[in-house]
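Enquirer: Now for the letters of each chain:
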Amino acid sequence: MKQSAAFEILVEIAETHNALIIADIGSQSLWLKAAKDRPENLYLSGPMGMASSVALGVATAHKDRAVIAACGDGALGMNFSSLTTISNAAPANLSIVVMNNSVYEFTKSLPTPTRGVDWDNISSACPGFKSNIKLVEMKNLDLMSGPHFVHAEIEPGALPPGPGINAIDIHHRFKALFK
Amino acid sequence: MIENILKTLNEHNINLTTGVPDGWVVPLIKALSEDKRFDYIPAAREEECFGIAAGGAMSGRRALVLMQNSGFLNSIGAFTTLCQKYQTPFVCLIANRGGINDSNSYDPNKYKSFEATTKALNLFAHPSSWEDLPANLPKAIARAEGAGEPAFITLSEGLKT
Numbered sequence: 001m002k003q004s005a006a007f008e009i010l011v012e013i014a015e016t017h018n019a020l021i022i023a024d025i026g027s028q029s030l031w032l033k034a035a036k037d038r039p040e041n042l043y044l045s046g047p048m049g050m051a052s053s054v055a056l057g058v059a060t061a062h063k064d065r066a067v068i069a070a071c072g073d074g075a076l077g078m079n080f081s082s083l084t085t086i087s088n089a090a091p092a093n094l095s096i097v098v099m100n101n102s103v104y105e106f107t108k109s110l111p112t113p114t115r116g117v118d119w120d121n122i123s124s125a126c127p128g129f130k131s132n133i134k135l136v137e138m139k140n141l142d143l144m145s146g147p148h149f150v151h152a153e154i155e156p157g158a159l160p161p162g163p164g165i166n167a168i169d170i171h172h173r174f175k176a177l178f179k
Numbered sequence: 180m181i182e183n184i185l186k187t188l189n190e191h192n193i194n195l196t197t198g199v200p201d202g203w204v205v206p207l208i209k210a211l212s213e214d215k216r217f218d219y220i221p222a223a224r225e226e227e228c229f230g231i232a233a234g235g236a237m238s239g240r241r242a243l244v245l246m247q248n249s250g251f252l253n254s255i256g257a258f259t260t261l262c263q264k265y266q267t268p269f270v271c272l273i274a275n276r277g278g279i280n281d282s283n284s285y286d287p288n289k290y291k292s293f294e295a296t297t298k299a300l301n302l303f304a305h306p307s308s309w310e311d312l313p314a315n316l317p318k319a320i321a322r323a324e325g326a327g328e329p330a331f332i333t334l335s336e337g338l339k340t
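Going down the list, the protein sequences come from chains A and B. Residues 1 to 179 (my numbering) make up the first sequence, in order. Residues 180 to 340 (my numbering) make up the second sequence, in order.
Because the hints were derived from the structure by calculation, they are not lab data. Check each hint, because a few of them may be wrong.
[Stated by the list, open to error] DEER-style ranges, computed between Cβ atoms: (1) B:LYS215 / A:LEU177: 24 to 30 Å; (2) B:SER282 / A:GLU8: 39 to 45 Å; (3) A:SER109 / B:LEU338: 48 to 54 Å; (4) B:GLU336 / A:GLY157: 50 to 56 Å; (5) B:VAL205 / A:PRO161: 44 to 50 Å; (6) A:LYS130 / B:PRO221: 15 to 21 Å; (7) B:HIS305 / A:LYS179: 27 to 33 Å; (8) A:ASN18 / B:VAL205: 35 to 41 Å; (9) B:ASN189 / A:ILE168: 28 to 34 Å; (10) A:LYS2 / B:SER308: 54 to 60 Å; (11) A:SER131 / B:ASN192: 31 to 37 Å; (12) A:ALA176 / B:ASP311: 31 to 37 Å; (13) B:ALA314 / A:LYS179: 27 to 33 Å; (14) A:ARG115 / B:ALA295: 52 to 58 Å.
[Claimed, not checked] Not close to chain B: a few residues of chain A, all C-beta gaps over 10 Å, as computed: (15) MET1; (16) GLU12; (17) THR16; (18) LYS36; (19) ASP64; (20) THR84; (21) VAL103; (22) THR114; (23) ASP118; (24) ASP120; (25) ASN121; (26) ALA125; (27) LYS130; (28) ASN140; (29) MET144; (30) GLY164.
Glycine residues also receive a C-beta, built at the ideal position from the N, C-alpha and C atoms.
With the hints as extra help, turn the sequences into a complete structure.
Expert: Below is the structure:
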């Protein structure tokens, strides 16, 4: 599956559940915006690997709202410890999705050191995750009965267009949802 | 003392809290963990705390981070590219190890590096006693929100219980 197709599926799921999506730097923020730009999207364009932690903060602050973190496998590898933190905190409204192409797409597609990780068994090591499923199975998931860990196997491919929106505007557009 | 701090935090809607333990702030972490008015998220690594607090701030919630000065040093990349770039206001309480009250041989480098780094980055870091915390916390969150950046409060010793 191409990453663009994976994000089209993810956006459809998010819209069904009125879910917020926090996307990592790397190609995730850009493919998310290309799939559909929504105020419910929080694009991270500087801090690699922080989407899972930012999503944990949003999910804890808004327990009545489904929150999805869209992480690259390279990015999540940079903040792998966040999976233990999330497993321990176990927010029911949080889903972590790893977009796994096993390369740093923005860095001339060098292989990621996370390519040996068994993303289908994260919940074995981090038992706070209530499910560990593939992206296509996420369509039938109750996003408020997590936390969930979702593995999306994607192909490396061409880079998406730039986001065309700056960080401070992203912040305030997102915050306006909660006023 | 702890009760006053919790009362102040709650009165000012600073209910999202996260941290990595330092011995000096353990009594406060325990109190936050046991008090249902607060969410305390124990983080495995300090840069996660900046992500969690930034997530709270960008969704309209006030947050408090607790960590040792060395934890900030671990997290400068995430701090600058997330908290500074996205202008996320929250309060960060730092156990500023290695200063005048700390004779541990393994702490002075943390102090020197923290002082040098916060000056180099031109960060707002205000020293406080534990006694003054209830007065300083509301000022710090107001300052953070006014400036559009995190406010640091540094402690030079542990809470005497």
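Enquirer: If a hint holds in the structure, say so; if it doesn't, say that too.
Expert: Do the hints match the structure? See the list:
| no. | hint | verdict |
| --- | --- | --- |
| 1 | B:LYS215 / A:LEU177: 24 to 30 Å | 26 Å, holds |
| 2 | B:SER282 / A:GLU8: 39 to 45 Å | 60 Å, violated |
| 3 | A:SER109 / B:LEU338: 48 to 54 Å | 51 Å, holds |
| 4 | B:GLU336 / A:GLY157: 50 to 56 Å | 55 Å, holds |
| 5 | B:VAL205 / A:PRO161: 44 to 50 Å | 49 Å, holds |
| 6 | A:LYS130 / B:PRO221: 15 to 21 Å | 20 Å, holds |
| 7 | B:HIS305 / A:LYS179: 27 to 33 Å | 29 Å, holds |
| 8 | A:ASN18 / B:VAL205: 35 to 41 Å | 39 Å, holds |
| 9 | B:ASN189 / A:ILE168: 28 to 34 Å | 29 Å, holds |
| 10 | A:LYS2 / B:SER308: 54 to 60 Å | 57 Å, holds |
| 11 | A:SER131 / B:ASN192: 31 to 37 Å | 33 Å, holds |
| 12 | A:ALA176 / B:ASP311: 31 to 37 Å | 35 Å, holds |
| 13 | B:ALA314 / A:LYS179: 27 to 33 Å | 29 Å, holds |
| 14 | A:ARG115 / B:ALA295: 52 to 58 Å | 38 Å, violated |
| 15 | MET1 | 28 Å, holds |
| 16 | GLU12 | 23 Å, holds |
| 17 | THR16 | 21 Å, holds |
| 18 | LYS36 | 20 Å, holds |
| 19 | ASP64 | 12 Å, holds |
| 20 | THR84 | 5 Å, violated |
| 21 | VAL103 | 22 Å, holds |
| 22 | THR114 | 17 Å, holds |
| 23 | ASP118 | 20 Å, holds |
| 24 | ASP120 | 22 Å, holds |
| 25 | ASN121 | 19 Å, holds |
| 26 | ALA125 | 13 Å, holds |
| 27 | LYS130 | 18 Å, holds |
| 28 | ASN140 | 27 Å, holds |
| 29 | MET144 | 17 Å, holds |
| 30 | GLY164 | 16 Å, holds |
Hints 2, 14 and 20 from the earlier list are contradicted by this structure; the remaining hints agree with it.
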